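Number of protein chains: 2
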Amino acid sequence: MLKDELIECHNRIKPYIHNTPVLSSQQLNSISGTELLFKCENFQRMGAFKMRGATNAILQLTDEQKSRGVVTHSSGNFAQALALAAKSVGVKAYIVMPANAPKVKKDAVKGYEGIIVECEPTLKARMDSAAKIEQERGATFIHPSNNIDVILGQGTACKELIDLHTDLDIVITPVGGGGLIAGTALAAANSGRDITIVGAEPFEVDDAYRSLISGKIETNRTTNTIADGLKTELGDINFPIIKRYVSTIIRVTEPEIVSAMHLIWERMKIVVESSSAVAMAAILKNGNLFKGKKTGVILSGGNVDLSKLPF
Amino acid sequence: MLKDELIECHNRIKPYIHNTPVLSSQQLNSISGTELLFKCENFQRMGAFKMRGATNAILQLTDEQKSRGVVTHSSGNFAQALALAAKSVGVKAYIVMPANAPKVKKDAVKGYEGIIVECEPTLKARMDSAAKIEQERGATFIHPSNNIDVILGQGTACKELIDLHTDLDIVITPVGGGGLIAGTALAAANSGRDITIVGAEPFEVDDAYRSLISGKIETNRTTNTIADGLKTELGDINFPIIKRYVSTIIRVTEPEIVSAMHLIWERMKIVVESSSAVAMAAILKNGNLFKGKKTGVILSGGNVDLSKLPF
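Going line by line, the protein sequences match chains D and G. So for the first sequence, this note's numbering puts the first residue at 1; every next one is plus one. So for the second sequence, this note's numbering puts the first residue at 1; every next one is plus one.
Careful, some of the hints might be misleading.
The list cannot tell twin chains apart, which means a pair is met if one copy fits it or any two copies do.
What the hints assert, rightly or not - No more than 25 Å apart at the CA atoms, straight line, and that leaves these computed lysine to any residue pairs for SDA-like:
id: 1; residue 1: Lys294; residue 2: Pro21
id: 2; residue 1: Lys216; residue 2: Val258
id: 3; residue 1: Lys291; residue 2: Ser25
id: 4; residue 1: Lys14; residue 2: Ser24
id: 5; residue 1: Lys66; residue 2: Glu118
id: 6; residue 1: Lys124; residue 2: Asn19
Simulated from the structure, these hints should not be mistaken for laboratory data. Owing to the predicted nature of the structure, the values given are computational and were not obtained by experimental measurement.
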């Protein structure tokens, strides 16, 4: 039973993650015409929901696998998440990053004792480097979003939200690689309640929107968005879940993302990254869908470069 | 009994304020060597602890006084606090502000239906304008910090913190007009526990530091600090309380304030104003005092102009 798997997953990772607070804002309720409940994964360990999935994936390994470590390729939040999750469990984490990745991202991974393996800045080079570490070290590759243990882990954020607020009508998440929304959809579907799952995506990287229409995984032609966590694409494990459970994906423009980010910072007094603001932008854009409803919003993360804000 | 007064005050204002969350950060604990518990008044209604004192002062008025309204002079958080508190209770609030106050501050007061009365940008003009409204309208003047009902109200933030965390060794607050630290000290003193009260102040406006040494209320010669909420000076009602209960005031430099503000935003993912960061800067500066202790930090507010950040 999937429901039991979710509960087991949650119990498994609980000691390693925060049950993040749920915040609300009368001002944002009034502006949006919906009752919003924000699940603050920006307060999660290492600053994003990715900690959940990374932890669950590592804890599912055998002792022998654990002794040989894990490997992923990411220059974003999953790099830090896998490093910190591995450190917490006492496992080595090899993180393949492009040599030109920002120093601040590399330092964050090093801060969590991740072993950085540099490569050329192409997808092929990243995959080759990771494959090499798998072969040479026997490390287990953990995909940032297209891995069922990762997906289940990400779903625990929604599970905690639903456990606390049992009468949600809608849950909305941003869509990047698809791990968060797939996990969220599973958690909602298995809650026994009728919850509509909505995705939010920048127009500039609307691969998931187009994938839902065409029925197959589409790719992005450009990645020209401020929401740098959402540039990745769906995978063969999460897409069937998304296709089955996600009712719609709302697309937003870059100015709408910046404006929603500013609104959250200013009114809620919390630091969220641009990818998180995409969900709020979608609520403001498509007001009718949410009007009079009780809406859960997964604020995916809070890792931003404070010296490079868009406002 | 003061203890009963505090409890009554808290019960009186509860329906109008948030019992704000208490957050912690393993990273900041590790950096500071102390266990820090942050009372997040940046999440308070209108974004600062001032809401507490303003509400308590208004609720203590007679019905006749209420019918004639309240008046204060402030261009900072107390202006918004009095306007919102008055609106919540159904009372008129006249807010005397210098004509050259930033539009964003005026708009915030108007947003809470405060009646702005503009005057010349001098202390004398502000006091004269407020006195005129007292005479002509019969409105009750409410001082932002030198008023016992305001002081008791501000103390409820510390009371909530102590109620939740019964084993605090130290509570630290920034010091501006003295209302917050005086209220905090009363709440701590009346908790029946042995809690050390520490103040934090910018070197640039160290009037409270000097007042504690000289034993009389000192004034500021300059007000050249980023912590714009701390430029005001102590009053004859709060100073005796501060003198009796505050064990020390730590002074910090402007770069230390900016650095502490950056640290809180980056690690805790919350928006706090520079005045709040002064307390964190003091903890980092005077590490030995806090080492190994359990320290409550009142994060006073989160109202910042996001387009004018110091980093």
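Evaluated hints:
For a Cα distance limit of 25 Å, the shortest separation of lysine 294 from proline 21 qualifies both inside one copy, at 17 Å, and across copies, at 22 Å. Proximity of lysine 216 and valine 258 under a CA criterion of 25 Å is satisfied in neither setting, with 30 Å inside one chain copy and 50 Å between copies. For a Cα distance limit of 25 Å, the shortest separation of lysine 291 from serine 25 inside one copy, 16 Å, qualifies, whereas the shortest one across copies, 36 Å, does not. For the identical chains of this complex, lysine 14 and serine 24 are neighbours both inside a copy (24 Å) and across copies (17 Å), given an alpha-carbon limit of 25 Å.
Taking identical chains as interchangeable, the C-alpha atoms of lysine 66 and glutamate 118 lie at most 25 Å apart only when both belong to the same chain, with a minimum of 22 Å there against 68 Å between chains. Taking identical chains as interchangeable, the C-alpha atoms of lysine 124 and asparagine 19 are never at most 25 Å apart, the minima being 37 Å within one chain and 52 Å between chains.
Violation of the numbered hints given earlier is confined to hints 2, 6; the remaining hints are satisfied by the structure.
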